[in-house]
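Assembly of the complex is requested from the two constituent chains, each provided in isolation within its own frame, with the hints serving as guidance.
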Amino acid sequence: MSQQVHTDEHRDDIGSRFGMWLFIFTELLLFAGLFITYSVFRYKNWQAFHLAAEELDVFIGALNTVILLASSATIAMSITALQQKRKKLTLTLMGTTMLVGLVFLVNKYFEWSLKFEHGLYPGSETLVEFGKGEVLFFGLYFFMTGLHALHIIAGLGFISFVFYYVIKNKVTHDNFVLLENAGLYWHLVDIIWVFLFPLFYLIT
Amino acid sequence: MSSQEHTRKEPSFYEVKKHKGIFAWILSTDHKRIGLMYLYLIMTFFLIGAVLGLLMKLELIAPGKTIMEAQTYNGFFTLHGIIMIFLIVIPGLPAVFGNFFLPIMIGAKDVAFPRLNLLSWYIYLLGAIIAITSQFSGGGPPDTGWTFYAPYSFKTSTNMLPAVLGAFTLGFSSILTGLNFIVTIHRMRSPGMTWMKMPLFPWALYGTAWIQLLATPVVGITLLMTVGERLFHIGFFDPALGGDPILYQHLFWIYSHPAVYIMILPAMGVISEILPTFAQKTIYGYKAIVISTIAIAFVGYFVWGHHMFTSGMSGTALYVFSILTFLVAIPSGVKVFNWISTIYKGSIDLRTPFYWAVSFIFVFMIGGLTGLVLGSLATNVHVHDTHFVVAHFHFIVFGGVGFAFFAAIHYWFPKIYGRMYDETWANMGWLIFFIGFLTLYLPMFYLGIAGMPRRYFDYLPEFHGGNIISSLGAIVMISGLVIILFNLFRSARIGPPAEKDPWKGRTLEWTVDSPPSLENFKEEPEITKGPYEYQ
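Quick mapping for you: the protein sequence lines, in order, are chains A and B. According to our numbering, the first sequence is numbered sequentially starting from 1. According to our numbering, the second sequence is numbered sequentially starting from 1001.
Output of the computed footprint for chain A on chain B, the stretches with three or more beta carbons under 8 Å from beta carbons of chain A:
#, stretch
1, 1222-1232
2, 1240-1253
Under the rule of at most 27 Å between Cα atoms (straight-line distance), these lysine-lysine pairs were calculated in the DSSO-like manner:
#, chain 1, residue 1, chain 2, residue 2
3, B, K1109, A, K170
4, A, K168, B, K1018
5, B, K1500, B, K1017
Part of the chain A face toward chain B, derived, beta carbon under 10 Å:
#, residue
6, I14
7, G123
8, V128
9, L136
These aren't lab readings, by the way, just hints derived from the structure by calculation. Every residue, glycine too, gets a C-beta built ideally from N, C-alpha and C.
With the rest of the complex left out, here is chain B (with noise of 0.2 Å):
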């Protein structure tokens, strides 16, 4: 195998340059590129992020003022949610690995409109710098969390206005990707992959990319109506100008609640990727994942109300939004036995992106029956804006997506940069993070169901006990980061040199060169196998 390090033709992508310096990267129009432009930054507001989290748990480790004042803490974790939701799960996974990857897998030489691909990470970059200004202007920084709610997101003397126009742009952004990459899709495929010939990280990218273009124009003029209130006082959720709050939340989760399968449909292309290679076995059931992708991101879209419980709804509405929850859990649950499925009696290859991904079915599964808890209506009315709440999306959205995204970039970090990683040193980080994760998040569903409100900087002395637990946990799990991270840097510059297929894949990407030439592929693949076919 090693003897393919000599057969290669063609320079890789990073040596061709049509531009010098730097701008060979933010004027180029490659896929591969670009999604590598899109992974830096994602990462670097990824560990602001992150300190923001850690410095709110710091707060949190004992009762009373620990570190920070109240205000701060409102701030702070408005500016955690607003990064890392707008700037980093929802683009995260279809932005990078969608970009560097979906291509390559479906045997294209680039999405179909590159140019375009290029301007959502402008129009990126722009969002993210727009959403920061408010940190630093006007009337200090933002205090409604990231949720903008109505009325006192127009209330607030805070400046607001940067981070819901920030949050415009970014969705703006994630629709003209969402768009590339159906196109792309349809139109690009090698000659013989036919739909259900196609791997199902694509086909997960596809239904997240429906939902970035039916539902972010939705939460788009929703914003830009906020904007409206505090610019114009037109009065759509003014209550004393005759507009309803309620209104606003509606409005919101209706693209808010599809957002969340935006961010755990490519999670869930990512693992199933990753179990058939490292179990050297046929993906079990490949047109149940498909379906069940389809179903979740169709079903998603009527399920917003459970977000409102509690905000005041008919009972028939209460009904109607519960039963639509627990249906939607049906495909996820799907998901979940094929992928078990497929493990099973597999040869398996104990590697690092297969712990990621083990982890992720389990941190998933935790977070998804947590998820029953809140959509039926009895349980909700006592756990809402609780703590309860908090370790739930924690575990569905930094858990799912998180570990998802940690396992892509350890999957495919050779094919991205021709190098291996320490694999000693990237699962022992790993374990750490594991370990942290579960000590931050776990006492956190105790804490919930005690009766610990969440976005207090404050709480009673009974939950000083739990509260100790986790900020350990979130110590523990921030080390483990700074592992994983220190070995991937490091790695990337001087690993050795990686093979074509280290894993022993049978997909489009682990037939070209690592890295990737400019065009991917010397000439256009026929297909005639499905994704999967093991021996």
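Okay, chain A solo, but in the shape it has when bound (with noise of 0.2 Å):
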């Protein structure tokens, strides 16, 4: 019987990309909606979300920044490292990727907590007191990193199931779309966070 001769040994890496960056488009406008969002209430509370920006932490800020920029770069040489048959080399960027990106959700999760106690997050009765412009900022700024951090890890968890992919010899030097597919991916939770860093922090 030839019947098992099915659709799942065709192979078009051109297709896998160009379906890659199709979805990435879309992870772009479902944050769109949120950059509107943002404009319209910096347009109508700017004094207010002048003032708010001031109670976050530039340096931190900065420092996920840089670390979010060093990952991609990581990620990136892997894909060569891959091209050029370095499994291992392959491998340990990868792990590195994945965890300099835990590093930034340790440094998100240490940056929230300190905004709760201050008692600034959405629905406290300390922000209320604020103002309406301070409780939109810090709505958007907790809903925004929120879904970015959530995007991290989906970013880890495609990674990570790409590690073990290369591991396996499934994903290699003359079959990577995969891990070029990951790469993408994380250059998209990259370029989203470039974004939200002066919105939030240096916009003052």
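Pasting the structure below:
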């Protein structure tokens, strides 16, 4: 019976990459809705946004930006390493990416807990006393960085999945589109943060 | 022609099973099986939605409380809307007929990402389950209507969360299907099938897929914000916390107006397939139809504001949205002229799919022209939130997508099941359904202009006459539906075997066996001609 040669064997790297780019496009549009909301509320409450932004710690924000940019570099290097058939180096670089991603989340955790201690979170009574602009600022802050953190977790999941495939030799030097796609996704997560950082921390 | 039955060499896709029993279906990555799994789910939900609609019409047969309380009525129209919009007309034609026929019509073995395709089906199922859960848990069935307008959607004590999350999940499934179709169309067309040799149903699916991809994320994030509003009081849409409910309406309609074109474009594609086949004549103005498809998909993005003419917008915005709304009617009009010119002087074969297709044009024109009444500013204020709006969108969404769906299932039934249905019953079902449809929705235009608001379980005595006619129409229409479905179910089991090409169609799906083999084609087809070249 020749029926088992079904579409699972069909391989189209350009198609896979094309699909990934389309998916990244939808992710950008998902955040676009939030960016619109941000700009509307900033336009209406620019003074309150100015004051509220000073509550954020630029140092941790900048540190996290550097961390993410570095992790983008390591995942890009891992693709080249795989193309050069250096499997061990590939795995080390992927591992570094994931480790650094985790450091980002740990930083985020401490940053968020500090805000919670100060009562700066949606639904808190302290925040309502500050005023409506501050409520919206911190609402946006938690919603957007929270959604971004979820994307970091999804990205880490994606990379660890590919990590396993590299170990199992299912992703190799002549079939690495899955690793490329994981890299693309990680860059997306990175670039969204590159926009979030100035919007919340730097524009004061 | 009947000798084709004996020339079949390969087994049909029904006979090739990787797994046993139900697993042959739910673990299959074959686009045909996935399409059919969507069909069965969608038909089930459609019956639930239709029964809810019928019960609402029975409630409205007399003023005052007839068979249900006001709150039950609110729950019913909300669930009716959620089921019909998110579970049926948005995924409907692409997920069922797109999955089954897109690869065959472009000469491919499957879609580009078969496993992702199966995953989309599971996400659809999950979304449906979450949405339905809202009925049986928490503070009672949601009562906001399918639009989940803020601030009521986060103030009401009813169980909004599952409904909103369900809609979010369904959107995710829709995005993945759209992504899959775009890559499939770009990468998997047969050698020789250039863009301008591609049949019009794949073209329509292509336009639809882009809208799915570009518009759905916006509603996704809007629904997530509503979730955040309910759970954490983030305040984006809450005036008490500085937010803006009108912002919700904008974000919601930025998706939900293009969603109307997600619904109608594939329907137009189906009609563009059926008419040339039954007129035995090439489609009139192939390029005009392709361009108008793209134009509808593009302009459809910029008209969302016409849902909000009475919500408060600047005068300039009102004019711009109104003009753009009129603009989007032009490519739709172009298509209608193309269809009618296609039938003109054709050798018309009066078969069931043709009846459905022609009645589609009829109801679509009524729906389209009344849409212009709503698109112009002055008349909009008069009929806003009345039964006129309900009648208009049922003519477009149900008259458009519903009729195209039945046209499609009668057209491709022999290909899907390898059997013919009983045409006498099918035609009778169509006639009863069509008469019932018009009797049900035409009086609503009158009721709306006379001032009967939508979404109330009660009305003033002067609206009684129109409502009686409308409710009787609903009963007639449902009886037509029962006949149609019964005929199809019966014929799928015991109908006479169908030929390869019972309608003498020219597109690729008529060159393969009925039902198709697992890999559709014995060898990859070479395309040298356009899709509708009749003698």
